[in-house]
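Participant: Below are the chains, spelled out letter by letter.
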Amino acid sequence: MSPRRDLTQAVAAVLANAGFVPGLAARLKCLSYPVFNCYGCPLAVGACPIGTIQHFVIIRQVPLFVIGFLGVVGSIWGRMSCGWLCPFGWVQDLLYRVPWPRTKLRVNTRRYGWVKYVVLVVLFLVIPFITLEPWFCKLCPAGTLEAGLPWLAISPPLRALVGGFFWLKLGLLAVFVVAAMALSRPFCRFACPLGAMYGLTNRWSRVRVEADRTGCRSCGKCSETCPMGLEPPRDANSSDCIRCKECLCCPHNLGEAQRK
Amino acid sequence: MNRDSARGWPAVVFGGLLVWGLTRHETVEVLRNALLLCLSCLGLGR
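Residue numbers (this note's numbering), protein chains in the order written: chain A, 4 to 263; chain B, 2 to 47.
Extracted from the complex, chain A is given alone in its bound form (with noise of 0.2 Å):
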């Protein structure tokens, strides 16, 4: 994984949650942050869309502004924010990078990809407009590692308040941190609303990643290297590539990222 990328990363994770500086969540957390980072995080300066869409979707209301947000950022970028910007996409990387005692796990993303669909459908529409509860906040495993465990450590009186559904979260959590471990961005890849939407955006963003299959030897260097489990030479620009510009360590000069 490139230093720039983890620099980059480390520095937004920092920026979303610049709380300690005073005065600033008073004033930005009204405005959306264009990856998921939970509102509910005691040193968020940011809105997360996610949670943002979800209270829009049970009092049925239309979010105009943080889908003109989304649209225009991924309009540009495309699903780059989730490789560059997400801090739980950035945990997922470094949890990948901890030793696992049997061998990593490939798994296809275009094969079960179209899970996350699903879960933007049902669990982050349907399910909510009906039963005017914001489902996906209450089960983020993001929000509970966010917000959640951090409330809990510094709000001793909050501890009272645990009950079996904090444990159902808590599990939740600890599934996606195991399954990080083995296999690279299970999150994103499989459950994330919001990589979701950006995909979309990946048809007609600026920032592409052209690739340039003339060189190509089928080395598979860059798939092995791709945190989201594509074969690059065929599915740059797919629904699913976060831009990340890790498959350009191709020996054979695969392509570059370009905005054009």
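Do not take every clue at face value.
[As the list claims (entries may be wrong)] Stretch-level coverage of chain A by chain B, calculated; a stretch enters the list once three of its residues show a Cβ under 8 Å from a Cβ in chain B:
1) 62-72
2) 75-85
3) 141-153
Note that these hints are calculated values from the structure, not bench results. Nothing here was measured: the structure is a model prediction, and the numbers come from that model. Glycine included, every Cβ here is placed at the ideal spot set by N, Cα and C.
Given the coordinates of chain A, work out where chain B should sit on it, guided by the hints.
Facilitator: Quick look at chain B alone, frame taken from chain A:
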């Protein structure tokens, strides 16, 4: 119209939605309401 300029139209359309959303007072209010810490969402409610 070539393919590259055609890719710019979605950004313009979404930019219009963004501005429209900003001009709607209730959007800002709803966003503020959405930011209230929801303990039940964190699994810390009774």
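Participant: Each hint should be assessed against the structure and marked as holding or not.
Facilitator: Structure-based check of all given hints:
1. Interface restraint, the region 62-72 of chain A with chain B: holds (9 residues with C-beta to C-beta distance below 8 Å; minimum three).
2. Check on the region 75-85 of chain A: 4 of its residues sit with their Cβ under 8 Å from a Cβ of chain B, so the three-residue criterion for coverage holds.
3. Under a criterion of three residues with beta carbons nearer than 8 Å to beta carbons of chain B, the stated coverage of the region 141-153 of chain A is upheld, 5 such residues being counted.
Hint compliance for this structure: no hint is broken.
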